[in-house]
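**Student:** Sequence:
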Amino acid sequence: MSIKSDKWIRKMAREHGLIEPFLDKQVKHNEQGEGVVSYGLSSYGYDIRCADEFKIFTNINSSIVDPKNFCPNSFVDVKGDVCIIPPNSFALARTIEHFKIPRNVLTICLGKSTYARCGIIVNVTPFEPEWEGYVTLEFSNTTPLPAKIYAGEGVAQVIFLESDEVCETSYADRKGKYQQQTGVTVPRL
Numbered sequence: 020m021s022i023k024s025d026k027w028i029r030k031m032a033r034e035h036g037l038i039e040p041f042l043d044k045q046v047k048h049n050e051q052g053e054g055v056v057s058y059g060l061s062s063y064g065y066d067i068r069c070a071d072e073f074k075i076f077t078n079i080n081s082s083i084v085d086p087k088n089f090c091p092n093s094f095v096d097v098k099g100d101v102c103i104i105p106p107n108s109f110a111l112a113r114t115i116e117h118f119k120i121p122r123n124v125l126t127i128c129l130g131k132s133t134y135a136r137c138g139i140i141v142n143v144t145p146f147e148p149e150w151e152g153y154v155t156l157e158f159s160n161t162t163p164l165p166a167k168i169y170a171g172e173g174v175a176q177v178i179f180l181e182s183d184e185v186c187e188t189s190y191a192d193r194k195g196k197y198q199q200q201t202g203v204t205v206p207r208l
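Numbering (the working numbering), first residue to last: 20 to 208.
Treat the hints as calculated values from the structure; they're not laboratory data.
Since the structure is predicted, the reported quantities are computational estimates derived from the model, not experimental observations.
Glycine is no exception: its CB is placed at the ideal position from the N, C-alpha and C atoms.
Treat the hints with care, as some may be off.
Cut-off 25 Å, straight-line C-alpha distance, at most; resulting in silico cross-link-like pairs (PhoX-like, lysine-lysine) [what the hints assert, rightly or not]:
(1) 194 - 87
(2) 119 - 131
(3) 44 - 23
(4) 47 - 30
(5) 131 - 26
(6) 47 - 98
(7) 47 - 131
(8) 119 - 30
(9) 30 - 44
(10) 167 - 47
(11) 131 - 167
(12) 44 - 26
(13) 119 - 44
(14) 131 - 23
Listed next, with one range per pair, are the computed distances between beta-carbon atoms [to be verified]:
(15) 83 - 181: 39 to 47 Å
(16) 106 - 85: 20 to 28 Å
(17) 167 - 201: 21 to 29 Å
Given the sequences, and given the hints that come with them, work out the whole structure.
**Tutor:** Next comes the structure, spelled out in structure tokens:
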């Protein structure tokens with residue numbers, strides 16, 4: 020198993036649709052020259068962006084959070100340039116980028132330090148071999164204060180691990196429940 024470099028990521032994006040849209044460099048400023056949380060190709064990974072669709076946890080309906088019987092009323096849908104996550108709460112979002120993972124590749128995704136240093140934890144489970152879709156992002160606000168997430172900016176880095184052999188059973192072979200997801204996807208059983 021080896022970690023893949025920017026050259027490999029660039030080639031796989033161009034020739035095999037690994038990441039779409041694909042940005043060939045790190046973007047650190049918007050069109051107005053203002054600083055942004057960076058995104059795009061890095062030395063050994065790709066910094067993904069958050070789209071403008073969010074699902075914020077709410078306790079209005081006093082539902083129990085049950086992964087086996089999840090109530091969609093536990094979320095409030097928000098669309099916008101920013102998402103304010105209440106103190107000690109949680110939100111879901113999705114990436115701008117669509118991924119198409121090769122059969123011999125697994126990814127690990129880690130939150131960016133800019134958010135981590137603010138008490139915002141970004142969790143994303145690995146993209147398994149032959150998984151395809153938009154990534155659902157999980158944001159935890161661990162602070163006693165409201166926290167802001169910026170749409171269109173970097174939130175996490177994807178690291179690509181290539182195996183020296185192809186897996187016997189891929190996510191597509193198993194007909195994984197999150198295959199081809201298009202929007203912010205809540206838990207499924």
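**Student:** Taking the hints in turn, state whether each one holds.
**Tutor:** Hints and how they fare:
Straight-line distance between C-alpha atoms of residue 194 and residue 87 comes to about 19 Å, which keeps the hinted pair within the 25 Å bound. With a C-alpha separation of about 22 Å, the suggested pair residue 119 and residue 131 falls inside the 25 Å cut-off, and the hint holds. Between residue 44 and residue 23, the direct Cα distance comes to roughly 16 Å. Compliance with the 25 Å bound is thereby established for this hinted pair. A hinted pair counts as satisfied when its Cα atoms are at most 25 Å apart, and residue 47 with residue 30 qualifies at roughly 23 Å.
Taken as a hint, the residue 131 and residue 26 pair is honoured in the structure, with Cα atoms around 22 Å apart against an allowance of 25 Å. Straight-line distance between C-alpha atoms of residue 47 and residue 98 comes to about 23 Å, which keeps the hinted pair within the 25 Å bound. Taking the CA atoms of residue 47 and residue 131, the gap is about 13 Å. The hint holds against a cut of 25 Å. Restraint check for residue 119 and residue 30: satisfied, since their Cα atoms lie roughly 13 Å apart, inside the 25 Å limit.
Our distance criterion of 25 Å between C-alpha atoms is met by residue 30 and residue 44, whose separation comes to about 13 Å. Taken as a hint, the residue 167 and residue 47 pair is honoured in the structure, with Cα atoms around 18 Å apart against an allowance of 25 Å. Taking the CA atoms of residue 131 and residue 167, the gap is near 14 Å; set against the 25 Å cutoff, the hint holds. As the CA atoms of residue 44 and residue 26 are separated by approximately 11 Å, the hinted pair is consistent with the 25 Å bound.
Between residue 119 and residue 44 the alpha-carbon distance is near 20 Å, which keeps this suggested pair within the 25 Å criterion. Between the alpha carbons of residue 131 and residue 23 the distance comes to roughly 19 Å, so the proposed pair stays at or under 25 Å and holds. Distance hint check for residue 83 and residue 181: the Cβ-Cβ separation is about 41 Å, which falls inside the suggested range of 39 to 47 Å. Our hint of 20 to 28 Å for residue 106 and residue 85 holds, since their Cβ atoms are close to 23 Å apart.
Between residue 167 and residue 201, the C-beta spacing of about 25 Å keeps the proposed range 21 to 29 Å intact.
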